[in-house]
Amino acid sequence: DTEVTQTPKHLVMGMTNKKSLKCEQHMGHRAMYWYKQKAKKPPELMFVYSYEKLSINESVPSRFSPECPNSSLLNLHLHALQPEDSALYLCASSQDTRGRSYNEQFFGPGTRLTVL
Amino acid sequence: TQLLEQSPQFLSIQEGENLTVYCNSSSVFSSLQWYRQEPGEGPVLLVTVVTGGEVKKLKRLTFQFGDARKDSSLHITAAQPGDTGLYLCAGPSGGYQKVTFGIGTKLQVIP
Numbered sequence: 001d002t003e004v005t006q007t008p009k010h011l012v013m014g015m016t017n018k019k020s021l022k023c024e025q026h027m028g029h030r031a032m033y034w035y036k037q038k039a040k041k042p043p044e045l046m047f048v049y050s051y052e053k054l055s056i057n058e059s060v061p062s063r064f065s066p067e068c069p070n071s072s073l074l075n076l077h078l079h080a081l082q083p084e085d086s087a088l089y090l091c092a093s094s095q096d097t098r099g100r101s102y103n104e105q106f107f108g109p110g111t112r113l114t115v116l
Numbered sequence: 001t002q003l004l005e006q007s008p009q010f011l012s013i014q015e016g017e018n019l020t021v022y023c024n025s026s027s028v029f030s031s032l033q034w035y036r037q038e039p040g041e042g043p044v045l046l047v048t049v050v051t052g053g054e055v056k057k058l059k060r061l062t063f064q065f066g067d068a069r070k071d072s073s074l075h076i077t078a079a080q081p082g083d084t085g086l087y088l089c090a091g092p093s094g095g096y097q098k099v100t101f102g103i104g105t106k107l108q109v110i111p
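For the protein sequence lines, the chains are A and B, in the order given. Yeah, the first sequence ends on 116 if you go by my numbering, and it's all consecutive. Yeah, the second sequence ends on 111 if you go by my numbering, and it's all consecutive.
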């Protein structure tokens, strides 16, 4: 299985709602990532988990809360979002990159989030 | 943070034409990846280049890594409508887990 899956595909939420984005991979990858992508921009890193531990938080507002329940799953909990948080949220995974000169990431199809 | 500049940002060509897109930096990269992204989808990894001067071919796509490992190019021969998409180059930045992306080249191949 070489896929990264994400659910839901689309999500519309109000600013007072609480919702979660889910990501799953079964490639045995030990690093998982959340990215945010706005229209006509490249993906922007939010969080990195390595061996189920949060290793990088790119100064993301606390209204975004990541969680890694196990090595195959990655969640992003959303609360009190703002309209400017509307974007495509991408999950990615990769092998443990320590000692390597490259980081090949495999992306899911993304969740299109609209905040009203 | 190491920056990657891509050119051109937009390219519209007829089916059957050849094209080259570029990814440049003032910094040396240990590797570069090329991804293709279609609208509303996640990027799909096409190739990784690691060695300076390396050339890799993927059917009609030819990827080259510059000798100094500061630049890379993607050449497409006889472009087809299925090649339409956003082509992103990416490389490691600020640690082994972080990747920086170029802004991308948006390619449209007209039938």
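In case anyone wonders, no lab produced these hints; they're calculated from the structure. Just so we're clear, the structure is a prediction, and the values are computed from it rather than from any experiment. Please note that a few of the clues may not be correct.
[Said to hold, decoys possible] With the Cβ distance kept under 10 Å, some of the chain B side facing chain A (calculated, not the full set):
hint : residue
1    : Q37
2    : G40
3    : E41
4    : V49
5    : K57
6    : A90
7    : Q97
8    : F101
9    : I103
10   : G104
11   : Q108
[Said to hold, decoys possible] Derived DSS-like pairs: lysine-lysine, alpha-carbon spacing no greater than 30 Å straight-line:
hint : chain 1 : residue 1 : chain 2 : residue 2
12   : A       : K9        : B       : K56
13   : A       : K36       : A       : K19
14   : B       : K98       : A       : K40
15   : B       : K56       : A       : K18
16   : B       : K98       : A       : K53
17   : A       : K22       : B       : K57
18   : B       : K57       : A       : K41
19   : A       : K40       : A       : K19
20   : A       : K41       : B       : K70
21   : A       : K22       : B       : K106
22   : A       : K19       : B       : K98
23   : A       : K40       : B       : K59
24   : A       : K40       : B       : K56
25   : B       : K70       : A       : K9
26   : A       : K19       : B       : K57
27   : A       : K40       : B       : K57
28   : A       : K36       : A       : K18
29   : B       : K56       : A       : K22
30   : B       : K98       : A       : K22
31   : B       : K59       : A       : K41
32   : A       : K53       : A       : K41
Quick reminder that beta carbons are idealized off the backbone N, C-alpha and C, glycines included.
Evaluated hints:
1. Interface restraint check: Q37(B) against chain A, minimum CB-CB distance 8 Å, threshold 10 Å, status holds.
2. The restraint placing G40(B) at the interface with chain A holds, with a minimum CB-CB distance near 7 Å, inside the 10 Å limit.
3. Given the 10 Å rule on beta carbons, the hint for E41(B) holds: about 5 Å separates it from the nearest Cβ of chain A.
4. Of the supplied interface hints, the one on V49(B) holds, with its beta-carbon coming within about 9 Å of a beta-carbon of chain A, less than 10 Å.
5. Among the interface hints, the one on K57(B) is violated; its C-beta lies about 18 Å from the nearest C-beta in chain A, farther than the 10 Å criterion.
6. For A90(B), the interface hint holds, since its Cβ comes within 10 Å of a Cβ in chain A; the closest pair sits about 8 Å apart.
7. Here the hint on Q97(B) is kept, as its CB sits about 5 Å from the closest CB of chain A, short of 10 Å.
8. Hint on F101(B) holds. Least Cβ distance to chain A is approximately 4 Å, under the 10 Å limit.
9. With 10 Å as the threshold, the beta carbon of I103(B) comes within range of chain A, its nearest partner Cβ sitting at about 6 Å, so the hint holds.
10. Look at G104(B): its Cβ gets to within about 6 Å of chain A, closer than 10 Å, so that hint holds up.
11. Checking Q108(B) against chain A by beta carbon gives a least distance of about 14 Å; that is not within 10 Å, so the hint is violated.
12. Restraint check for K9(A) and K56(B): the C-alpha separation of about 34 Å exceeds 30 Å, so the hint is violated.
13. A distance of roughly 16 Å separates the Cα atoms of K36(A) and K19(A); the hinted pair therefore holds under the 30 Å criterion.
14. At most 30 Å may separate the alpha-carbon atoms for a hinted pair to count; K98(B) and K40(A) meet this at roughly 21 Å.
15. The straight-line distance between the Cα atoms of K56(B) and K18(A) is roughly 46 Å, outside the 30 Å bound, and the hint therefore fails.
16. This hinted pair checks out: K98(B) and K53(A) have alpha carbons roughly 15 Å apart, not beyond 30 Å.
17. Restraint check: the Cα-Cα separation between K22(A) and K57(B) comes to about 35 Å, which exceeds 30 Å; the hinted pair is violated.
18. The hinted pair formed by K57(B) and K41(A) meets the criterion: a straight-line CA distance of about 27 Å does not exceed 30 Å.
19. Proposed proximity of K40(A) and K19(A) is supported: the alpha carbons are some 25 Å apart, at most 30 Å.
20. Taking the CA atoms of K41(A) and K70(B), the gap is near 22 Å; set against the 30 Å cutoff, the hint holds.
21. Using a Cα cut-off of 30 Å, the hinted pair K22(A) and K106(B) holds, with the two alpha carbons roughly 29 Å apart.
22. The straight-line distance between the Cα atoms of K19(A) and K98(B) is roughly 27 Å, inside the 30 Å bound, and the hint therefore holds.
23. Annotation: proposed proximity of K40(A) to K59(B) holds, straight-line Cα distance about 28 Å (limit 30 Å).
24. Distance restraint check for K40(A) and K56(B): the Cα-Cα separation of roughly 28 Å lies within the 30 Å cut-off, and the hinted pair is therefore satisfied.
25. Restraint check: the Cα-Cα separation between K70(B) and K9(A) comes to about 37 Å, which exceeds 30 Å; the hinted pair is violated.
26. Proximity of K19(A) to K57(B) is assessed by CA-CA distance (about 43 Å); at most 30 Å being required, the pair is judged violated.
27. This hinted pair checks out: K40(A) and K57(B) have alpha carbons roughly 28 Å apart, not beyond 30 Å.
28. The suggested pairing of K36(A) with K18(A) holds, with an alpha-carbon distance near 18 Å, which does not exceed 30 Å.
29. Restraint check for K56(B) and K22(A): the C-alpha separation of about 35 Å exceeds 30 Å, so the hint is violated.
30. For the given pair, K98(B) sits about 21 Å from K22(A) by alpha-carbon distance, which is consistent with the 30 Å threshold.
31. For the suggested pair K59(B) and K41(A), the alpha carbons sit about 28 Å apart, so the restraint of at most 30 Å is met.
32. Proposed proximity of K53(A) and K41(A) is supported: the alpha carbons are some 28 Å apart, at most 30 Å.
Comparing the model with each numbered hint stated earlier shows that hints 5, 11, 12, 15, 17, 25, 26, 29 do not hold.
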